[in-house]
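A.B. asks: Let chain L serve as the given structure and place chain E on it in line with the hints.
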Amino acid sequence: MEELKLEQKEFEPTILAFCCNWCSYAGADLAGTSRFEYPTNVRVIRVMCSGRLDPTFILSAFRWGADGVLITGCHPGDCHYVQGNYMMERRFGFLKEAMSQLGIEPERLRLEWISAGEGEKFAALIRDTTQKIKEMGPNPLKTA
Amino acid sequence: MTEEEPKVGVFICHCGVNIGGVVNVPEVVKYAKTLPNVAYAEANIYTCSEAGLASIKENIKKQGLNRVIVASCTPRTHEPLFRSTCREAGLNHYLFEMANIREQCSWVHKHQMERATEKAKDLVRMAVARATWLEPQEEPELDIKDTSLVIGGGIAGMTAALSLANQGFKVYLIEKEPELGGNLRNLSRLYPTMQETHEILDPAINAIKSSDKIETMLSTTVADAKGYVGNFKVTLATPQDKKDIEVGTIVVACGAANYTPPKGLYQYGVFQGVLTQMQLDEMLKHGKVDKAPERVVMIQCVGARKGEIRAMDLAGFPKSDTARLLSKILKAKKEEGWPYCSKICCMNAIKNALLVKEKFPKTDVMILYGDVRVYKEYEDFYSQAREAQVKFVKHIEEVPPEITQTPDGKLAVMAYDALSGQEINLPCDWVILSTPMIPHKEEVLLARMLKIPISSDGFLMEAHVKLRPVDTQTDGIFLAGAASGPKDVPETIVSAKAAAARAGTLMANKKMRTEALTSVVDEEQCIGCGLCEEICVYGAHYVEENVSHTIAALCRGCGACAAECPRRAISMQHYSDEQILSQVKAALTEES
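So the sequences go chain by chain: L and E. Under our numbering, the first residue of the first sequence carries the number 101, and numbering increases by one thereafter. Under our numbering, the first residue of the second sequence carries the number 4, and numbering increases by one thereafter.
Only chain L is shown next, with the shape it has when bound in the complex (with noise of 0.2 Å):
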């Protein structure tokens, strides 16, 4: 019984994925074709381009309480907009640096390349996300 509680109460992060409409969206796409297992805590929302995220987008998500936040692109080289990924990760860093001035682990943003034929890299890392948010325990922000 006393077992049973505990993982009732086991923590189950929300994560959110930003996945760009042409590499990574079909990649998760293709995960589901193939059948490929993943956690069910990531939600997808789908943007026609890495390079649309405006910082705000992710700090709005942190603040409202996401545990994890993930960001795909098309690899670079490969971006449908030529180089849209390129303006995400020039992003990247300074999202990184604004987490931690905010009290965020800069660990629970990540972004990753994804093309539409890589469905077993998407599971890969929703799997990978899923745990290490999980170690990591709930946004502090939710908490504070």
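Any given hint might turn out to be false.
[What the hints assert, rightly or not] Okay, the calculated beta carbon distance ranges per label pair: (1) L:ARG227 <-> E:GLU141: 41 to 49 Å; (2) E:VAL468 <-> L:MET236: 16 to 24 Å; (3) E:CYS344 <-> L:MET236: 40 to 48 Å.
[Stated by the list, open to error] For lysine to any residue, the following SDA-like pairs were computed, each having C-alpha atoms within a straight-line distance of at most 25 Å: (4) L:LYS232 <-> E:LYS346; (5) L:LYS196 <-> E:LEU534; (6) E:LYS309 <-> L:ALA224; (7) E:LYS588 <-> L:THR133; (8) E:LYS10 <-> E:LEU84; (9) E:LYS588 <-> L:TRP164; (10) E:LYS346 <-> L:GLN201; (11) E:LYS513 <-> E:ARG90; (12) E:LYS229 <-> L:GLY177; (13) L:LYS196 <-> E:THR592; (14) E:LYS173 <-> E:ARG516; (15) E:LYS469 <-> L:GLU137; (16) E:LYS245 <-> E:LYS36; (17) L:LYS234 <-> E:LYS469; (18) E:LYS246 <-> E:LEU557; (19) E:LYS588 <-> L:GLY177; (20) E:LYS216 <-> E:GLN198; (21) L:LYS234 <-> E:MET116; (22) E:LYS346 <-> E:GLU400; (23) E:LYS588 <-> L:GLU110; (24) E:LYS36 <-> E:PRO9; (25) L:LYS196 <-> E:GLU117; (26) E:LYS245 <-> E:PRO9; (27) E:LYS588 <-> L:LEU202; (28) E:LYS236 <-> L:LYS242; (29) E:LYS588 <-> L:PRO238; (30) L:LYS196 <-> E:SER585; (31) E:LYS444 <-> L:GLY177; (32) E:LYS362 <-> E:GLN387; (33) E:LYS216 <-> E:ASP146; (34) L:LYS232 <-> E:GLN115; (35) L:LYS242 <-> E:GLU121; (36) E:LYS469 <-> L:THR133.
Simulated from the structure, these hints should not be mistaken for laboratory data. Model, not experiment: these values are computed from the prediction. All C-beta atoms, glycine included, are put in the ideal place defined by N, C-alpha and C.
C.D. replies: Chain E alone, transformed into the frame defined by chain L:
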């Protein structure tokens, strides 16, 4: 938001058991009805069926819905269908939204049914939040140039070029080699009809030459490609210089190469008598055999169905660029073999075995195999080989056959018979290796220029393996032949004609509506700093009198300018800050 109060209709699909077998659909419907602005919710067995679509249309009218959500599969395949359904019912299709509860929920969480149901509810809530902010949009119209570029002058490219020319379109056909014909030039005859290749090649080449619609350029490759559907600007590298052309569509028919084993694999490149099937074919074609061999041993799946290099291995180098990355994979694959079944090698080996038998009836032909895959009518072809006394021996693949040379210069193959488990020794004159069709190395660069993803097998990837087999995810670019994976001649011709039909359909319409995902500048907020102009790779922004303007026809809708604008003066149609943030918020909180 439009003036009108949002009235959202939610249609939740069982997709047979695909979703319904994992997600508790009735519970999600019940939940959807409790969400703000939701006026109607129902479940469908298949929302994409005629009945499902009719119900959407009916309820748009009956319930006065001004937003429609379908929670089902991925928008990448079914959004166009549902959008057109909305349009038919008089609802602007930008007021439609999808929640992906199949590819990104039921299919990946099939052992976590309760949690999958909770996730599906969240995904529906996120879609409803976004839908509330959706606005109707007008789509800009693009002119489609009625000229096509076909890359590759093999049987795939020639077939596609002829088909397009017959439809009345001007075609540029480019071939990197100095002559047309591709891989077929090196083959003598084709299975299962044993037709000579020139019977297929000559008429095609002649038709190409006599067509006034086709401009053929040999020894020519693509140096650069820019633009978008209907308006591609391609720079060709010809032997003399560079040439710029403008085309409406592109058919990629760059074919495949034949895997050459590394020196030493089965003594290839060491002993003279060890050859690939391609080399045997060439030898038979040119009649370069003076003495009948006593025995020929063929080994199947050399360098195929080996190697486990899959997408996973890309994880090791996430930041390297694709070309470098793929060259590493290509190299790794070269040593380890290619993971897939090349699908033509069994028939090809049978064909060559029969050709050897035809030429030298007394020669003993043995095929060492792990599996024989002869589908459909090729089963008869296999029987034909059995009748001709071709011997099929299943060997233990895990123990690769060993090839040695006897003192008299003959070869010997030592393998293990899978049925008896016994070692077998086969003295022979030739050892023929059946090697797979593999992607061309240059294909990687081409894929990059044209923004075509590469599959885990290294070939160009189609937009959808079942639903859009010759489309790529870039509008206006199509795949023909073995560029997308091993194919024999009939399959190549089918795909080439399909690609030509798809390209032709686009060009015949002359105009195409593109998505209204363009940027809009708020002139009040803009300070004319010009950052958007600086970063836009399409030249879609220009600053005039201290205010930035968007050229909608050039804007491709990536949204980088909206993210970079220091004044937040740029908004993206259909992907506005509010629309994205509403989804973020709905994912994390119950309020919206």
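A.B. asks: Does each hint fit the structure? Answer for all of them.
C.D. replies: Outcome of the hint check:
One distance hint, 41 to 49 Å for the beta-carbon pair ARG227 (chain L) and GLU141 (chain E), holds here, with the actual separation near 43 Å. Checked against the hint of 16 to 24 Å, the pair VAL468 (chain E) and MET236 (chain L) fails, with Cβ atoms roughly 38 Å apart. With their beta carbons about 44 Å apart, CYS344 (chain E) and MET236 (chain L) fall inside the hinted range of 40 to 48 Å. Distance check on the hinted pair: LYS232 (chain L) and LYS346 (chain E) sit about 42 Å apart at the alpha-carbon level, beyond 25 Å; violated.
The hinted pair formed by LYS196 (chain L) and LEU534 (chain E) meets the criterion: a straight-line CA distance of about 23 Å does not exceed 25 Å. Restraint check for LYS309 (chain E) and ALA224 (chain L): the C-alpha separation of about 23 Å stays at or below 25 Å, so the hint holds. Our distance criterion of 25 Å between C-alpha atoms is broken by LYS588 (chain E) and THR133 (chain L), whose separation comes to about 28 Å. As the CA atoms of LYS10 (chain E) and LEU84 (chain E) are separated by approximately 21 Å, the hinted pair is consistent with the 25 Å bound.
Restraint check for LYS588 (chain E) and TRP164 (chain L): satisfied, since their Cα atoms lie roughly 7 Å apart, inside the 25 Å limit. The straight-line distance between the Cα atoms of LYS346 (chain E) and GLN201 (chain L) is roughly 57 Å, outside the 25 Å bound, and the hint therefore fails. Under the criterion of a C-alpha separation no larger than 25 Å, the hint pairing LYS513 (chain E) with ARG90 (chain E) is consistent with the structure, at around 22 Å. Of the pairs offered as hints, the one joining LYS229 (chain E) and GLY177 (chain L) holds, with about 14 Å between alpha carbons and a cut-off of 25 Å not exceeded.
Distance hint between LYS196 (chain L) and THR592 (chain E) is fulfilled; the C-alpha atoms sit about 24 Å from each other, no more than 25 Å. A C-alpha spacing of about 22 Å is found between LYS173 (chain E) and ARG516 (chain E), which places the hinted pair at or below 25 Å, so the restraint holds. Restraint check for LYS469 (chain E) and GLU137 (chain L): the C-alpha separation of about 22 Å stays at or below 25 Å, so the hint holds. The hinted pair formed by LYS245 (chain E) and LYS36 (chain E) fails the criterion: a straight-line CA distance of about 62 Å is larger than 25 Å.
For the hint pairing LYS234 (chain L) with LYS469 (chain E), the CA-to-CA distance comes to about 38 Å; that exceeds 25 Å, so the pair is violated. Between LYS246 (chain E) and LEU557 (chain E) the CA atoms are separated by roughly 23 Å; this keeps the pair inside 25 Å, and the hint holds. The suggested pairing of LYS588 (chain E) with GLY177 (chain L) is violated, with an alpha-carbon distance near 32 Å, which exceeds 25 Å. Distance hint between LYS216 (chain E) and GLN198 (chain E) is unfulfilled; the C-alpha atoms sit about 29 Å from each other, more than 25 Å.
Among the hinted pairs, LYS234 (chain L) with MET116 (chain E) is consistent with the structure: their alpha-carbon atoms are about 21 Å apart, no more than 25 Å. Under the criterion of a C-alpha separation no larger than 25 Å, the hint pairing LYS346 (chain E) with GLU400 (chain E) is consistent with the structure, at around 17 Å. For the hint linking LYS588 (chain E) to GLU110 (chain L), the alpha-carbon distance of about 24 Å falls within 25 Å, and the restraint holds. The straight-line distance between the Cα atoms of LYS36 (chain E) and PRO9 (chain E) is roughly 14 Å, inside the 25 Å bound, and the hint therefore holds.
A C-alpha spacing of about 34 Å is found between LYS196 (chain L) and GLU117 (chain E), which places the hinted pair above 25 Å, so the restraint is violated. Proposed proximity of LYS245 (chain E) and PRO9 (chain E) is contradicted: the alpha carbons are some 55 Å apart, above 25 Å. Restraint check for LYS588 (chain E) and LEU202 (chain L): satisfied, since their Cα atoms lie roughly 19 Å apart, inside the 25 Å limit. With a C-alpha separation of about 52 Å, the suggested pair LYS236 (chain E) and LYS242 (chain L) falls outside the 25 Å cut-off, and the hint is violated.
Of the supplied pair hints, the one linking LYS588 (chain E) and PRO238 (chain L) holds, its CA atoms being roughly 17 Å apart against a limit of 25 Å. Between LYS196 (chain L) and SER585 (chain E) the alpha-carbon distance is near 23 Å, which keeps this suggested pair within the 25 Å criterion. With a CA separation close to 17 Å, the supplied pair LYS444 (chain E) and GLY177 (chain L) stays within the 25 Å bound. Between LYS362 (chain E) and GLN387 (chain E) the CA atoms are separated by roughly 16 Å; this keeps the pair inside 25 Å, and the hint holds.
Taking the CA atoms of LYS216 (chain E) and ASP146 (chain E), the gap is about 21 Å. The hint holds against a cut of 25 Å. The straight-line distance between the Cα atoms of LYS232 (chain L) and GLN115 (chain E) is roughly 20 Å, inside the 25 Å bound, and the hint therefore holds. Of the supplied pair hints, the one linking LYS242 (chain L) and GLU121 (chain E) holds, its CA atoms being roughly 21 Å apart against a limit of 25 Å. For the suggested pair LYS469 (chain E) and THR133 (chain L), the alpha carbons sit about 11 Å apart, so the restraint of at most 25 Å is met.
Of the numbered hints listed earlier, those contradicted by the structure are 2, 4, 7, 10, 16, 17, 19, 20, 25, 26 and 28.
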